[in-house]
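Participant: As you go down the protein sequences, you meet chains A and B in turn.
Per the UniProt record's numbering, the first sequence runs over residues 1 to 211.
Per the UniProt record's numbering, the second sequence runs over residues 1 to 211.
These are calculated hints, taken from the structure and not from any lab test.
Don't take every hint at face value.
Copies of the same chain look alike in the list, so a pair counts if it fits in one copy or across any two.
[What the hints assert, rightly or not] In silico SDA-like cross-links for lysine to any residue, where the CA-CA straight-line distance does not exceed 25 Å: (1) Lys49 x His97; (2) Lys49 x Met30; (3) Lys49 x Asp198; (4) Lys49 x Glu85; (5) Lys49 x Met159.
In case you want the letters, here they are:
Protein chains: 2
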Amino acid sequence: MARPRTRLLDRDRIVTAALRELELNGQLTMSAVSRRLSVHVSSLYEHVKDRAELVDLIRDEVTAGIDADLTEVPEAAGWRQPLEEWLVGYRAAFARHPRAIGLLTTEPIRSHQAARGYDRVLGLLRRAGVPPQEAMATLTALECFVLGSALDAAAPDAMVQVDDDDAHGLLGEALRAEPSPDHRADHAFTTGLRLLLDGLAASAPPSSSSS
Amino acid sequence: MARPRTRLLDRDRIVTAALRELELNGQLTMSAVSRRLSVHVSSLYEHVKDRAELVDLIRDEVTAGIDADLTEVPEAAGWRQPLEEWLVGYRAAFARHPRAIGLLTTEPIRSHQAARGYDRVLGLLRRAGVPPQEAMATLTALECFVLGSALDAAAPDAMVQVDDDDAHGLLGEALRAEPSPDHRADHAFTTGLRLLLDGLAASAPPSSSSS
Chain A
1 MARPRTRLLD RDRIVTAALR ELELNGQLTM SAVSRRLSVH VSSLYEHVKD RAELVDLIRD
61 EVTAGIDADL TEVPEAAGWR QPLEEWLVGY RAAFARHPRA IGLLTTEPIR SHQAARGYDR
121 VLGLLRRAGV PPQEAMATLT ALECFVLGSA LDAAAPDAMV QVDDDDAHGL LGEALRAEPS
181 PDHRADHAFT TGLRLLLDGL AASAPPSSSS S
Chain B
1 MARPRTRLLD RDRIVTAALR ELELNGQLTM SAVSRRLSVH VSSLYEHVKD RAELVDLIRD
61 EVTAGIDADL TEVPEAAGWR QPLEEWLVGY RAAFARHPRA IGLLTTEPIR SHQAARGYDR
121 VLGLLRRAGV PPQEAMATLT ALECFVLGSA LDAAAPDAMV QVDDDDAHGL LGEALRAEPS
181 PDHRADHAFT TGLRLLLDGL AASAPPSSSS S
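From just these sequences and the hints, can you work out the full model?
Facilitator: This is the structure we're talking about:
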C-alpha cells in the first residue's frame, strides 16, 4: 500500500512541504517533512541524500530566477544598476519566505546555482573596483543588508509604536516626518541600498563606471 | 501545592525561559514558556500582561546595555564614531540571541527603553545631516544590516563551500583571497559598516563633522 505514495513523491513535493514546514514551525527536520507528506522518513531519502541537500534545494527554490538577468551584463551597463537590480530581486525572493531566512543564513551554501549567481555578482563588484581580498566581505555585507531587509518586509507597517511619553522626542518627530508610513520597509530598503552603493562608489577607483 | 511555585515566578525567570524556548524551538507561545517553567499558563499572566508585553521584555533583555554609552555624546565627538560603536554593540547583542531575531524583527516595538535608545541614535543621524523625512528609513536600514549581520555571525565560518566544478570561477578566487576566513562574518560586518557610514558621509552636508 505504501508503494504508490512513494512513487508520487518527488523533489518538488518535498521542497514544497519543507517550505510549508518552515513557514508554520520555523524549523526543519526530515521527520516533520515526512509527516507533512504522510510518508515514512526513509522515503524522503530515496529522493534527497540528506538534510543538507534538502537545504540546498530549498535555497535554489527560494532564489530561483533572481540571477537570470545577470547572465550577460554588457560592460557598458557598468556595475551600479545591475547590482541594484540583483539586490532588489534577492530581497523580494527572501521576503516571500521570511521564515526560511534563519535556516538559509546558517546552513552552508553548496548549490551550483548559488555559486553561479555569486560568480556573476562578483564580476560586478570587480567592475566597481572592489579588490579580491574584499570581494567576499563586500558580497556578504550586501547579503546581510538584503536579508535583514527581507525580514523587515515581513514586519508590521507600524513597527515602532510610541505612546504619549515617548512621542515628544526625536523618535516621535521622525515617525511623524516619515513620508510614506505604508511603505516603511520599502523606503528603508531603498535608503540603505543607496547608502551601500554610494559607499561602494566612494571607494571605487575613478576608472570604474558607476552609470 | 501550586502556590509556592507561583510565588517563585518573576519576570526575570519568565524572560529567561522565553529566550531558552526561542533558542531551542525558534518560536514563542505563552503555553510553551509555561510548560518550560512547570507552571500553569495563567500564572504567567500574573506577571506579564500578554504575549506582546513578553516580547517587549525579551527585547529589553537582549538589547540591555547597548545604548548606555550614547546617553551623553559630546558634540565634539561627531556622529560617525558614536554611531559605529552603537551598531557594533547592537550586532553583538543580537548575535548572542540569533534565534530571537525572527521574533523581534516582526513584532512591534513598544518598549520605553527602545524608544530612548532610538532618540539618541536619531540625534546622531541629525548630526550627520540626515533630514527628518529620511531619519526613520535610515535608522531602519542600519538595523536591517545589523540584524542580517547578527544572523551571519551565527553561521559557519566556511559558509560558502564550493566543489571543484565551481572553484575555477570568481567565487573560488574570492574565497581564496579572503584574508581571514576564520573571521569571515566580522570582516563582512566591518566592511558593510564602512560602506554604510561612507554612504552617510557622502550625502552629509559639509558642515557636519564625521570625525
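Participant: Please go over all the hints and tell whether each is borne out by the structure.
Facilitator: Hint-by-hint comparison with the structure:
1. Lys49 x His97: within (24 Å within a copy, 31 Å between copies)
2. Lys49 x Met30: within (11 Å within a copy, 37 Å between copies)
3. Lys49 x Asp198: Neither. Shortest intra-copy (43 Å) and inter-copy (45 Å) distances fail the 25 Å Cα cut-off.
4. Lys49 x Glu85: Neither way: Lys49 and Glu85 sit 34 Å apart in one copy and 45 Å across, limit 25 Å.
5. Lys49 x Met159: between (41 Å within a copy, 20 Å between copies)
In summary, the numbered hints that this structure violates are 3 and 4.
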